[in-house]
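Guided by the hints, dock chains B and C onto chain A, whose structure is given.
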Amino acid sequence: MQAVYGLYSDPSRAQRAFDSLRAAGVEEHGIAVVSSVPWEEYEFARRDRRTPMAWLAALGGLLGGVSGYLLAGLTQKAYPIPTGGMAINVPWTNGIITYELTMLGAILVTLITLLISAHIPDWTPRVYDPAVADGCILVGVVNPRHDSRVEIERSLREAGADSIKEANVTNRWRI
Amino acid sequence: MEKSPNQITEDLLRPLLRTSPKYYFAVALLAAVVVVAFAAFGYQAYSGLGVSGLRRPVFWGFYITNFVFWIGISHAGTLISAILRLANATWRRPVTRCAEVITVFALSIGAMFPVIHLGRPWLAFWLIPYPSERQIWPNFRSPLVWDFFAINTYLIGSVAFLTLPILPDWALVRDKASGWRKRVYGFLSLGWRGTPRQWSRLESAMHIMAIVIIPVAVSVHTIVSWDFAMAPVPMWHSTIFGPYFVAGAIFSGIAALILAMACLRKFLHLEDYLKPLHFDNLGKLLLMMSLLWFYFVFAERLTTWYGNEPSEMAVFWTTQQGAYAPLFWTMVFCNFLLPFPILAIKRLRTITGTVIASTAVVAGMWLERFLIIVPSLSHKFLPYNWGTYRPTWVEITIMVGTFAGMALLYALFAKAVPIISIWELKLGLHEKSEVRSQETEGRGKLAFGGQEKLET
Amino acid sequence: MQRHDAPLDSGLSTLAILLLVTCHSSMVQTMESKAQKKWAMVVDLDRCTGCEACVVACHAENNIPTVGEEQAAMGRAMHWMRVERYYQGDFPNVRVKFIPVFCQQCDAAPCEPVCPTYASYHTAEGLNGQVYNRCIGTRYCANACPYNVRFFNFYNPVWEKPLHLQLNPDVSVREVGVMEKCTFCVQRIKAAEITAKADKRELKDGDVQPACAQSCPPKALVFGDLNDPTSEVSRLAGSNRATRLLEELGTKPKVIYLQRESWGDGKES
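Protein chains in written order, with the working numbering: chain A, 1 to 175; chain B, 1001 to 1456; chain C, 2001 to 2269.
It cannot be assumed that every hint is accurate.
In the SDA-like style, the derived pairs of lysine to any residue whose C-alpha atoms are separated by at most 20 Å in a straight line are [stated by the list, open to error]:
id: 1; chain 1: A; residue 1: Lys77; chain 2: B; residue 2: Pro1131
id: 2; chain 1: B; residue 1: Lys1182; chain 2: A; residue 2: Pro130
id: 3; chain 1: C; residue 1: Lys2252; chain 2: B; residue 2: Leu1382
id: 4; chain 1: B; residue 1: Lys1275; chain 2: B; residue 2: Lys1432
id: 5; chain 1: A; residue 1: Lys165; chain 2: A; residue 2: Arg154
id: 6; chain 1: B; residue 1: Lys1432; chain 2: A; residue 2: Glu40
Derived by calculation from the structure, the hints in this document are not laboratory data.
Looking at chain A on its own, in the form it has when it is part of the complex (with noise of 0.2 Å):
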């Protein structure tokens, strides 16, 4: 599969060819962009951003403490062993076990819903160029219709790309 990109050295570069990208009738997640920081100021590093990651994360939260407090409670009533006088079942005690396993959901939860939603890891070869780590800003199309293809190198151009690049990636679905 082909992809055209333009490396942007400048982001309001970068931000003017994605715009004349989505001009030029590109559906907006069609259009490549990689950089080495995240550019949260400007338009085309803003896509993706909402993410319902926190409530997961709290969802994972309940979920790890009601584990929690199921794990100490029910094992201890099932084989109730007396000790020190205590009763079986202390909400003191539970509750240290339901709080750390709280805390231990929501930081897996957290941590798988990065891992899935980001696409990590993912070893493939996908539209890139070892010039984004110079602090390049690749914006580009991964398998352009053949009849927009001059549109689109000219739109990269005309933004300012420091260059235009076609390179051969395996492409599934992801960009």
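Here is chains B and C on its own, set in the frame of chain A:
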């Protein structure tokens, strides 16, 4: 003098790509010490705990002291870095990673001690709740089981907190390196590219982690303190222990962080990154914790003395005037009398000054843990059973081994990972230039105005 | 965003499996809970001469190793039963007081809940059980015990010949790294119960004699069931001389010390 992004990349990747013979020598030396410590532990596991200096009634000694000490040191990182992250303190950027590394390694080392000190260390896995035919199940009413849960939660959380922001830097190394390094870092970076989606998810995840990790860190050292506070032992059975331990942990953690930063600055030539400003700011934090520590010690001692309960007074006097008094007053000197003036006087709060203060604090906080554990155990309720404690070479070797182990792990880490987060530093540069251009050209941030931009 | 459901589902099912497995494996066990006996010991301090016959008897009965001169000097001697000496008064009017101290078998024992592996727990008969095989040697129980009556095997025990020939076959020998303490001679309690059952009769007062009580020349140690109002210990426990060691800690010990009032002038401990 600002560095350019490429300069930053080059400076911070240098330790990864080039290694001096001195480094190999240092690593070999540290590794040798660690091997000796492992051998000492092997000897102890083979012969029995009799080779340590533990005895009745002091059943906990150096090992538990080191346990509390290292868990305390581990509060340097994640906690401080999470607080600074949430407070949006921009000066934190070069500091966070070296702090988070301390957490992960100190926690791993600290968590080894409860196993080292076991009478039958090969059965330590019985603390894990897993269904087995033998129906071994942990007692959730035991503080040691709380420890197990708290430490593991903290370890998992802090490893994630450390590793996630490393991914973009590993991707950078992958792009800059060649040969086997390219392959290794290509694997380690998990295919990180830097799409907007990845960046925004990383930000969200780090934000959530920072919020979660702070209460976890507080709970970890509180639970460590409860190992003592739950037992009816004179001067242990106290409600002050939770906050007292947490404050002490942060105190020793900041001191360890300052020492680590000073070493990194010297050995990796990071003078342009770890600046006097950072030492000054951390010095102020250390000053605050020193005052807090003194407040806690004073409150603890005063209530004990005024309460005049005989069994507690026995412990009290042995630390104030008796056999443990020299250690106690050394501790007060190291934790307050020496660091307070150094850190309070601006002229003395230099890099050298903070390093001197931090060295004293690390030593003082180690003594504090020792003085919490041993005098109480040696002076329990029935005077007939009062005893004493003296460590043997086995305990000292293992303790020295953990310090060498910490240095070794830190050295290896600084060789494998850029010890200062490169992308966060670059982000800081961009933010600065953004502010500057806003001021000079009146160009607003392009928050929503992409389209307008194109038209103008 | 549908893909986010995957970790939740797997998490839930893992949890369900975990719970099922643990509940199943634990619920096949049932507790025998016919709490009938409440074993207790009375120590008459006014009778105790400090002869330490009880200490020797305890060593012999319970396979307690001797650790040797050097280790003993370090403080590693193991005496489940020990006689503490305290001195009262100023020279030359000095009186020596003896207090035999052994596991107080507390009802609210601080040693029990701190054990992470349930090695120390409360038996149905109210004893502080110590399961050697479960002990991993954290020594937390020994720290939590206010009476310092728990002992740790710093080395594997050795019995010099011919001492190995006198090991009691009814008592297990403890290995290196585990805690041990007075059991109220639980092997003797069990043996008496079995004998009584074989004879088809109830256990009667005096059937069970721990080694220390049996060997006490002035009969300062009396053992029995506190739940039996007619037993000797019940009678003595009601004495106005009765007190308990470190009672103020709330451990509810089942060892009752008898002493004349002059004893309790606050100087002994």
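(message) What's the verdict on Lys1182/B and Pro130/A, does the C-alpha distance respect the 20 Å limit or exceed it?
(response) Roughly 12 Å between the alpha carbons, so the hint for Lys1182/B and Pro130/A holds.
(request) Verify the proposed pairing of Lys1275/B with Lys1432/B, using a straight-line Cα cut of 20 Å. (result) Holds: Lys1275/B and Lys1432/B sit about 17 Å apart, inside 20 Å.
(message) Holds or violated: Lys77/A and Pro1131/B, Cα atoms, limit 20 Å.
(response) 15 Å, holds
(request) Decide if the proposed pair is consistent with the structure: Lys165/A and Arg154/A, CA atoms, cutoff 20 Å inclusive. (result) Between Lys165/A and Arg154/A the Cα gap is close to 12 Å, so the pair holds against 20 Å.
(message) So if I understand the rule, the pair passes when the alpha-carbon distance is 20 Å or less; does Lys1432/B with Glu40/A pass?
(response) 14 Å, holds
(message) Does Leu1382/B sit within 20 Å of Lys2252/C, going by the straight-line distance between their CA atoms?
(response) 17 Å, holds
Violated hints: none; the structure is consistent with every hint.
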